Amino acid sequence: MEFFHRHILDISAFTPEDISYILNTAENLKEILSRPIPKVPTLRGKLVAHLFFEPSTRTRLSFERAAKTLSADVFNLTARMSSVEKGETLLDTVLNLKAMGADLFVIRHPMAGAPHFIARATETRVINAGDGFHAHPTQALLDMLTVREKKGTLSGLKVAIIGDIRHSRVAHSNICGFRKMGSEVFVSGPATMLPPEREALGARVCYRLEEALKDADVVMALRVQKERHGRELFPSLREYAREFGLNAQKLALAREDCLLMHPGPINWGVELHPELENDPRSVILEQVTNGVAVRMALLVLLLGGGA
Amino acid sequence: MKILLKGGRIVDPSQGLDQAADLLLEDGKVVALAPDLAEEDARVLPCEGLIVCPGLIDLHVHFREPGEEWKETIATGSLAAVAGGFTAVACMPNTRPPNDNAEVTRYILKKAQEAGLCRVWPVACITKGQKGEQLTEFGELKEAGAVAVSDDGRPVPEAAVMRLALEYAKNFDLPVISHAEELSLSRGGHVNEGLASARLGLRGIPAQGEAIAIFREVMLAELTGSPVHIAHVSTRSGVEIIRRAKEAGLSVTAETAPHYFSLTEEATFGYHTNAKVNPPLRSEEDRRAIEEALRDGTIDAIATDHAPHSPLEKFCEFERAAFGLIGLETALPLALHLVERGIISLPRLVELLSCAPARILKLPGGSLREGSPADVTVFDPEARWVVTEEELHSKSKNSPFLGWEMRGRAVYTIVGGRVVFSRRELLS
Ligand SMILES: [Zn+2]
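In order, the protein sequence lines correspond to chains A and B. Going by numbering that gives the first Met the number 0, the first residue of the first sequence is number 0, and it counts up by one from there. Going by numbering that gives the first Met the number 0, the first residue of the second sequence is number 0, and it counts up by one from there.
Wrong hints could be hidden among the right ones.
What follows is a set of in silico ranges between Cβ atoms, one per label pair, in the way DEER data are often shown [what the hints assert, rightly or not]: (1) A/Ala-12 / B/Glu-139: 30 to 40 Å; (2) A/Glu-238 / B/Arg-340: 51 to 61 Å; (3) B/Glu-339 / A/Gln-224: 30 to 40 Å; (4) A/Ala-12 / B/Val-385: 24 to 34 Å; (5) A/Glu-26 / B/Arg-319: 54 to 64 Å; (6) B/Gln-14 / A/Thr-191: 32 to 42 Å.
Partner residues aside, some chain B positions facing chain A, computed with beta carbon under 8 Å [claimed, not checked]: (7) Gly-193; (8) Ala-197; (9) Gly-200.
To be clear, the hints were calculated from the coordinates, so they are not data collected in a lab. Quantities reported herein were computed from a predicted structural model and do not represent experimental measurements. Using N, Cα and C, we set each Cβ at its ideal position, and we do this for glycine too.
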């Protein structure tokens, strides 16, 4: 099989075969991370530019770890140090980096579609590291890798995603990815944050949390991001925790062998009760490791060099 | 100077005409309309196989002058208008500075006269600075040449202010044009709420926000007894409100734009900024409702909402991109496509693009009766052409129809008895 995509912008562009191929590649590369000296020369001489126009620690570090493990050189540009605030346009910024020899851009941007614009405008390879409310394809891929490792398959599962679905790029990409691979996705949360069914990208919208959790194989809690909205979409964090936060009692509705996931960073006491911190069902730290493996796979697939 | 248009098919709904005939223009007026006119000292324009109709009038354009001349000027906009077959346009006041005082109105008219192509009718602001607070000086603006008032680009947020405008407009017989949008629902939105907002991960602009705003205007028309004109209707729910208001006998007229019956929100997929417009491109259901409203008369007119933007405003992130698209040079073929598909008749098309706009803004034109101004559009309904940047005369090229094959195009555009645009001479 051949991987012919030039960019990783959105899960919707991939076939199930593409997704399996990426996950297989990631699985193969993951072994490198457990070596005593986790470094291979695969991407030596390649320059990867990380452009983070939104605060992010773990996604940026995960990409950096992936690139450095593959011996690529890395530029890190974050919103604060960038000249974007001085009025330089996004296009100017990336054209300058391209002129310095960047082979690939990893872009996190608060505006949906910004990575697509850069892909079109620069003809340089682009990985979307999260754009506005739109998509976060690498997060969905690492989530799928984690579930596939634990469950052996991605088809026929019931996946429940709980939280702000309407404004979550993680939810959008996961709904798209898990459905493509043959799972059913149920979403629930405050109704002010739920899309109407016809806009839910094929997920089932549940106004009763229990309906989403019942017999779920995977339960994913989303981070409550109050800063995303011009106005409060729920009355208080206290009420959110009470009604939509996950605890041991609510999780008991899911299958006994369910996986508890969270894209991080977690607001303990809001979307997850602290009693779940060391819960055996939690795979939250495996998600982090798999994030590096998936990003290594994407860099290798886009920049060549052979795995 | 006499001009004789020979051998065309005359379509003039203002006198119920659709027949082969010749048309004689003299001293800026229509002087005769009959079969086989002979006139020795007239310049003859051969019109065999062509449609001859009252000059097209665009109720709604943005010519960007003064203030944003890099996007369009009154001269380049006028050229785009006549190339598209329009003999007159009404230009919206959201320039920099906005047209909220007589000085700006006079400036626009002076620039239009220098361009010397189409008639340019300035629309003045409803409120000073388009802030939605204090009414502009309707009396002096009208005297300076304004033909209507509108805060287009933004709605008048407060119903009470809109009420005052509708009342005060009665003193001066000025039409009031409403950009109907409920801001508290649309704020922060970039595309239609529904498929597009879900697919693109952008905040949506719900269709019902337009309907709520239209309903308010209709109720204010009832309250004040003044007519109101609704600009760029884009939704099924908006159409339904207008239909019911008309049934109730209220004085409301409405326009839509070609993109609302030619495109849906799918044109934005892939973050195509040339399809970013306000109101946004809507669903297929909305698109069909607009067609039906054009057919049954709920919508009175087609206006382009020609809104030029340069790559500075369009070649960027979708959320940062400006709203608006150009339409003067594609409106006629897109409307003809409705005729081709049997949605409307050719006389209805002329009604929508000429007679009704003249009536709504109380402008001269919209008719080929003897004594009418010699504003005439002659077009070839069969001419095939492809929309490219090079083909467009507008200074900006932000058209979502680039690459489309079109059918139908203006051949002669005549304003005040002067041929201001001819595609025949361009070719020869
Ligand atoms: Zn408007």
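task = Using the Cβ atoms, figure out if A/Glu-26 sits within 54 to 64 Å of B/Arg-319.
result = Violated: the Cβ-Cβ distance is about 39 Å, outside 54 to 64 Å.
ask   = Regarding A/Glu-238 and B/Arg-340, is the given constraint of 51 to 61 Å on their beta-carbon distance met?
value = Holds - the Cβ-Cβ distance for A/Glu-238 and B/Arg-340, about 53 Å, lies within 51 to 61 Å.
key: Supplied contact hint for B/Gly-200, tested at 8 Å Cβ to chain A   = Holds - the Cβ of B/Gly-200 comes within 8 Å of chain A, reaching about 2 Å at its closest.
query = That 24 to 34 Å hint for A/Ala-12 and B/Val-385 (C-beta), does it hold up?
reply = Given about 29 Å between the Cβ atoms, the range holds.
message = A closest beta-carbon separation below 8 Å is what the hint needs, so does B/Gly-193 meet it against chain A?
response = Status holds, d = 6 Å.
key: Assessment of proposed distance window 30 to 40 Å (beta carbons of B/Glu-339, A/Gln-224)   = Once the Cβ atoms are compared, 50 Å apart, the range 30 to 40 Å for A/Gln-224 and B/Glu-339 is violated.
request  = Look at the Cβ atoms of A/Ala-12 and B/Glu-139 and judge whether their distance stays inside 30 to 40 Å.
outcome  = 58 Å, violated
Whether the CB-CB distance between B/Gln-14 and A/Thr-191 falls inside 32 to 42 Å = 57 Å, violated
query = Do the numbers back the hint for B/Ala-197, that is, is its least Cβ distance to chain A under 8 Å?
reply = 4 Å, holds
Of the numbered hints stated above, those contradicted by the structure are hints 1, 3, 5 and 6, listed in ascending order.
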